[in-house]
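Participant: Given the structure of chain C, go ahead and fit chains H and Z onto it with the hints provided.
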Amino acid sequence: MSHLILFLIFAALCVGGAINLLVQRHPINSALSLVLVTGSLALIYLLLGAEFVAAIQIIIYAGAVMVLFIFVIMLLNAGAEEETKGSRVAILLGVPGLILGLSTATWVLATRYPGPGSVIIGQLHGTAPGMGRLLFRDFLLPFEVTSVLILIAIMGAVVLARRGSD
Amino acid sequence: MVPISYYLVLSAILFACGVAGFLIKRNIITIFMSIELMLNAVNLTFVTFAAQWQALSGYIFVFFVMVVAAAEAAVGFAIIIAVFRTRETLNVDRVNLLKL
Amino acid sequence: MLREASLLLGMHDSMNAGMFLLVAIIKIAITVGVLLTIVAYSVWLERKVVGHMQNRWGPTRVGPFGLLQPLADGIKFILKEDLTPPYVNRTLFILAPMLALVMALTSIALVPIGPNITVGSVTTPIQITGVETANNQPADIGIGLLIILGVTSLGVYGIALAGWSSNSKYSLLGALRASAQMISYEVALGLSLVGVLMVSGSFSLRTIVERQLGSPWHWNIFNGGWQIVAFFIYLMAAFAETNRIPFDLAEAETELVAGYHTEYSSMKFAMFFMAEYANMVTVACLASVMFLGGWSGPVFGPPILQSLLPILWFLARVFCFIFLYIWVRGTLPRFRYDQLMGFGWKFLLPLSIANILVTGLIVALRA
Chain C
7 MSHLILFLIF AALCVGGAIN LLVQRHPINS ALSLVLVTGS LALIYLLLGA EFVAAIQIII
67 YAGAVMVLFI FVIMLLNAGA EEETKGSRVA ILLGVPGLIL GLSTATWVLA TRYPGPGSVI
127 IGQLHGTAPG MGRLLFRDFL LPFEVTSVLI LIAIMGAVVL ARRGSD
Chain H
20 MVPISYYLVL SAILFACGVA GFLIKRNIIT IFMSIELMLN AVNLTFVTFA AQWQALSGYI
80 FVFFVMVVAA AEAAVGFAII IAVFRTRETL NVDRVNLLKL
Chain Z
9 MLREASLLLG MHDSMNAGMF LLVAIIKIAI TVGVLLTIVA YSVWLERKVV GHMQNRWGPT
69 RVGPFGLLQP LADGIKFILK EDLTPPYVNR TLFILAPMLA LVMALTSIAL VPIGPNITVG
129 SVTTPIQITG VETANNQPAD IGIGLLIILG VTSLGVYGIA LAGWSSNSKY SLLGALRASA
189 QMISYEVALG LSLVGVLMVS GSFSLRTIVE RQLGSPWHWN IFNGGWQIVA FFIYLMAAFA
249 ETNRIPFDLA EAETELVAGY HTEYSSMKFA MFFMAEYANM VTVACLASVM FLGGWSGPVF
309 GPPILQSLLP ILWFLARVFC FIFLYIWVRG TLPRFRYDQL MGFGWKFLLP LSIANILVTG
369 LIVALRA
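Residue numbers (this note's numbering), protein chains in the order written: chain C, 7 to 172; chain H, 20 to 119; chain Z, 9 to 375.
Bound-form chain C, shown alone (with noise of 0.2 Å):
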């Protein structure tokens, strides 16, 4: 009973968080919707058991990628937006088709996993430990890749934003 009562409050601020970035008009409003969003989903991973993914969620996502985003939104101080003829087609078609997708995504998922789920509150199954010795042992390679991923997304992020005139 507690456990739907608390996920029902978080899931209610996450979408309301969606929501509001569809509806605001500036963007930094959008960000700070967009890290309610975050954050919501990191004590939505709590429930689940998932306490070391719900960390690193904050830290990642909410604490990182986020204030990156508040950064450039802040630098290139953009606008609210405007309304063009391209908008307006978009909104005309967008919004009928969002209900449609999440009708039927709501309808499959519905009759697939009618049952009550085993997932019990404060059972904290994703644990660092655990999580650690599967990342250096059976994902190992995809771990040392990632790691090579990030160095070239740095290089790319530097030369990319330099000014011309170098």
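Since the hints were derived computationally from the structure, they do not count as laboratory data.
Even glycine gets a Cβ: it sits at the ideal position worked out from N, Cα and C.
Keep in mind that the hints are not guaranteed to be accurate.
[Stated by the list, open to error] Just the calculated beta-carbon pair ranges, DEER-fashion: (1) Z:143 with C:113: 50 to 60 Å; (2) C:138 with Z:27: 46 to 56 Å; (3) Z:33 with C:21: 28 to 38 Å; (4) H:107 with Z:65: 33 to 43 Å; (5) Z:355 with H:106: 32 to 42 Å; (6) Z:42 with C:142: 35 to 45 Å; (7) Z:370 with H:84: 29 to 39 Å; (8) Z:33 with C:98: 36 to 46 Å.
Facilitator: Using the frame of chain C, we list chains H and Z on its own:
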């Protein structure tokens, strides 16, 4: 006890909002944020199933998705800043010609 | 519902959820009260110490030795006119100091201040997120350190939003500089703590402290883990994280008017002020826990004294840290911004990675 389908429906709602934002919005940064929302929704699905089947590999995949999302955000913003310097606008409808 | 809450909190059978809630509320009230008093009196301590270092008295008139000065400052802040400039983004303008203060005060919930304390029939660890499990073993959250790092990362929002919402060029510049500085030094801060994690084998702060109990030789900077280089990296990164001299270019009065809190007055400015000192206390608590042995120290006497002495040793360490902060503030000039960023990325980051390598070698050789 919360049924697993509730978490999956929440993930579907977030993903649909991300797709809608990607199609509706005209500001490149907001489009980027919708992409991040889609990635978060997919992460929620992975974590849900990993919790149901008690498979730690699901959490590892979530870890990799987060890392790739962060790298993509860094490179994406570098590109946005480079485009902004020349075009002086963040509206995607105005960046529709190869030549200025 | 109470039974599920008990399951969620992992509690021992001797205490039901209602009693746990009451104990938690009492712990929170005491901890926040003590923390806010420490914040207020560290302002007094700073003014006195910096004054004496500059060969003057500091506050002496309000009460004996100027001890009532924080009270007078508090009354002044409350009674001042709370001016909101006309063109600011109102929601964010009001939200930013609240965010800064909330993030600064949250980390104290995870810091273990002492072992169990028994009042009447109730035994509880001296930590807001600590619970009493079977066999009189205190336990706390398995990922305590990660949550503190996450809360530190979230602290950037208060500053960034304050600068943005103020709609003023000095505020925006100061906010951008301060945010860039904070996110750069967060990396060095986190990596310097990885060495301690490798040696301790757990993210739980209570486990990290319990490994260091005994003599001072067992602390993590000495034989416990030889983390002396990590300690100095942590110290420098902590100075930069809390925006204190020598890294306080973002809020320097002579450079940027007052940086990101230029447009703030009265209580909102006081909240930024309190957030800065609360961050100092948090960083000091974390350093005591990770490197200096937490609450270890001689414990003697009747049981009630035995429960309270660890708190005294912990507070002594925190006081030494705050005194170090104030001492450095009175002594050093401030870094220029490019020197600051170069120091963080080109010196501290490679040094902390080298520290991780050497610590890995030590852990492998010890096993």
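Participant: For every hint, state whether the structure bears it out.
Facilitator: Each hint, compared with the structure:
Our hint of 50 to 60 Å for residue 143 of chain Z and residue 113 of chain C holds, since their Cβ atoms are close to 51 Å apart. Remark: the range hint 46 to 56 Å for residue 138 of chain C to residue 27 of chain Z is contradicted by a beta-carbon distance near 36 Å. Checked against the hint of 28 to 38 Å, the pair residue 33 of chain Z and residue 21 of chain C passes, with Cβ atoms roughly 31 Å apart. Roughly 57 Å separates the CB atoms of residue 107 of chain H and residue 65 of chain Z, a value that falls outside the hinted 33 to 43 Å.
Here the CB-CB span from residue 355 of chain Z to residue 106 of chain H is close to 38 Å, well matched to the stated 32 to 42 Å. The supplied range of 35 to 45 Å is met by residue 42 of chain Z and residue 142 of chain C, whose beta-carbon atoms lie about 41 Å from each other. For the pair residue 370 of chain Z and residue 84 of chain H, the supplied restraint of 29 to 39 Å holds, since their beta-carbon distance comes to about 34 Å. Between residue 33 of chain Z and residue 98 of chain C the beta carbon distance is about 53 Å. The supplied range of 36 to 46 Å is therefore violated.
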